[in-house]
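Protein chains: 2
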Amino acid sequence: MKTISENACFGGTQGVYSHTSKVCNCEMTFAVFLPEEARDGPVPVLWYLSGLTCTHENAMTKAGAQGWAAEHGIAVVFPDTSPRGEDVADDEAYDLGKGAGFYVNATQDPWAPHFQMWSYIADELPALIGANFEIDMERQAITGHSMGGHGALTLAMNLPGRFASVSAFAPITNPAASDWGRKQLSAYLGDDETVWARHDATMMMEKTDFDGPVLIDQGASDQFLDLLTPEALSHAMATKRQNGIFRMQPGYDHSYFFVSTFMEDHVAFHADALWAK
Amino acid sequence: MKTISENACFGGTQGVYSHTSKVCNCEMTFAVFLPEEARDGPVPVLWYLSGLTCTHENAMTKAGAQGWAAEHGIAVVFPDTSPRGEDVADDEAYDLGKGAGFYVNATQDPWAPHFQMWSYIADELPALIGANFEIDMERQAITGHSMGGHGALTLAMNLPGRFASVSAFAPITNPAASDWGRKQLSAYLGDDETVWARHDATMMMEKTDFDGPVLIDQGASDQFLDLLTPEALSHAMATKRQNGIFRMQPGYDHSYFFVSTFMEDHVAFHADALWAK
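Respectively, the protein sequence lines represent chains L and Z. The number in the working numbering is simply the position in the first sequence, starting from 1, with 2 added. The number in the working numbering is simply the position in the second sequence, starting from 1, with 2 added.
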């Protein structure tokens, strides 16, 4: 693991690191915010999964998470959204290939050799984080924005017991029924839609729900509402009597101005669940 | 004035606008955050002047000011740092020309036709803001980062009565004695150093001080300490018994991770002065 940068931030440290990922078969970059309390021992951690076109950097610089994480004494990990490098397959579209890993393990060419973001986020990166940072891997929570909200929800429901809580900002809720999803799941996983189901938050919610609290924020003026279909997840949560809160926020769009506005609530929500563990 | 974008943000609106500047003789872009309270009438305003290489956008997306401004019911204006456009003179160096206006009115060629940032920030933009936004121009405060801290301090001291309070993050304190200053003041204003004096915060402080509170934050691990010379301003403030606070922050560098960490304090500091007016 290489240290790319470390900056003092809200009494703690905002670091950027890289390492050779075995599952993605390339060099990967990620960011970790450690609060001051991590100098004295392991602290809980909140994973933040980013959306289409993002790297580790967007949320690290624009989501305003560090101040609230510092207040609650928890770490935040910001992974990248896809494998990177010249020999990694890509597509001209912004929503396929690099920057658009969709948090699945690709089984189809040309994606399979590198696009293993499910295993990267579920297994490889947590092992690296646990071994190299003062983070208590028994206290994890997860959130994300847009494609990252999809990732957070599907990881949380597929890994019961792993995360104390899950939240999302404007998540892609039902990719198997959206143009943000059908194209990518088909490209990465092939045309057998039965294997898509575990990567669809609404379908997962209908089947298994989540053993912990859920918080969803969605801007009512989001320019991508037709692709995000918040009503699908909202319906599934209510039908399953899921312990959770679904908030429609009038006037807000899909930007980081929306994410940063509600970050305080999300970090406090996760801190409650993490410290109760 | 043209509206480029408006996003809901912390209950208010983060807008980006452009207009034809008469003094800079080019199209200029700026950003304004209006809190929810501006829907009911004029609110106080905090000016945020940015540093070298920045546009209106850097602080708008990375400084974390909007949440605290919303909490205190004040607007924030983020101007650009220089004139822009193809026919505007530039230099290969990052610290001269575009992105490096230094908040002075250039008298020397090739800069004089466009580089009139002093008049732009002191006169033209305030008139535009006052005419087009629900902002109370009787309640203004100013802050800035690095070159923008220099701008904030020199504007505040040269325009007595204009600003209720002034603060700065890692300001260039003594440009007449620094490589961040001598080169630019010479290029823009010529070699007569007597005309530089009003654009040097330390020299201004030694002469006139400021009729209101001053707050300075400086990171002790700033990579540009030799160019910022915080000791010059600190000495001048103490010598003049300036009403103010000078804080040296251990471990912090020159980045927005530093700025965002202390933004809450700066906005609260200005809000106190603005609401007391």
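Rather than coming from a laboratory, the hints here were simulated on the basis of the structure. Cβ atoms here follow ideal geometry from the backbone N, Cα and C, with glycine treated the same way. Check each hint, because a few of them may be wrong.
[Stated by the list, open to error] Computed list of chain Z residues with no C-beta within reach of chain L, every gap over 10 Å:
no., residue
1, G43
2, T55
3, G66
4, D255
5, T263
6, E266
[Unchecked claim] Short, incomplete list of chain L residues facing chain Z, as computed with Cβ under 8 Å:
no., residue
7, E59
8, T63
9, P128
10, S223
11, F226
12, F248
13, Y254
14, S257
15, W277
[Claimed, not checked] When the alpha-carbon atoms are kept at most 27 Å apart in a straight line, the in silico DSS-like pairs for lysine-lysine are as follows:
no., chain 1, residue 1, chain 2, residue 2
16, Z, K279, Z, K185
17, L, K64, Z, K209
18, Z, K4, L, K4
19, L, K185, L, K279
20, L, K64, Z, K185
21, Z, K4, Z, K100
22, Z, K64, Z, K4
23, L, K100, L, K209
24, L, K24, L, K4
25, Z, K242, Z, K209
26, L, K185, L, K209
27, L, K100, Z, K100
28, L, K185, L, K100
29, Z, K209, Z, K185
30, Z, K242, L, K64
Against the structure, the hints come out as follows:
| no. | hint | verdict |
| --- | --- | --- |
| 1 | G43 | 20 Å, holds |
| 2 | T55 | 15 Å, holds |
| 3 | G66 | 5 Å, violated |
| 4 | D255 | 6 Å, violated |
| 5 | T263 | 5 Å, violated |
| 6 | E266 | 7 Å, violated |
| 7 | E59 | 11 Å, violated |
| 8 | T63 | 5 Å, holds |
| 9 | P128 | 25 Å, violated |
| 10 | S223 | 7 Å, holds |
| 11 | F226 | 14 Å, violated |
| 12 | F248 | 18 Å, violated |
| 13 | Y254 | 4 Å, holds |
| 14 | S257 | 5 Å, holds |
| 15 | W277 | 23 Å, violated |
| 16 | Z:K279 to Z:K185 | 39 Å, violated |
| 17 | L:K64 to Z:K209 | 40 Å, violated |
| 18 | Z:K4 to L:K4 | 46 Å, violated |
| 19 | L:K185 to L:K279 | 39 Å, violated |
| 20 | L:K64 to Z:K185 | 33 Å, violated |
| 21 | Z:K4 to Z:K100 | 22 Å, holds |
| 22 | Z:K64 to Z:K4 | 24 Å, holds |
| 23 | L:K100 to L:K209 | 31 Å, violated |
| 24 | L:K24 to L:K4 | 15 Å, holds |
| 25 | Z:K242 to Z:K209 | 9 Å, holds |
| 26 | L:K185 to L:K209 | 23 Å, holds |
| 27 | L:K100 to Z:K100 | 33 Å, violated |
| 28 | L:K185 to L:K100 | 15 Å, holds |
| 29 | Z:K209 to Z:K185 | 23 Å, holds |
| 30 | Z:K242 to L:K64 | 39 Å, violated |
Of the numbered hints stated above, those contradicted by the structure are hints 3, 4, 5, 6, 7, 9, 11, 12, 15, 16, 17, 18, 19, 20, 23, 27, 30, listed in ascending order.
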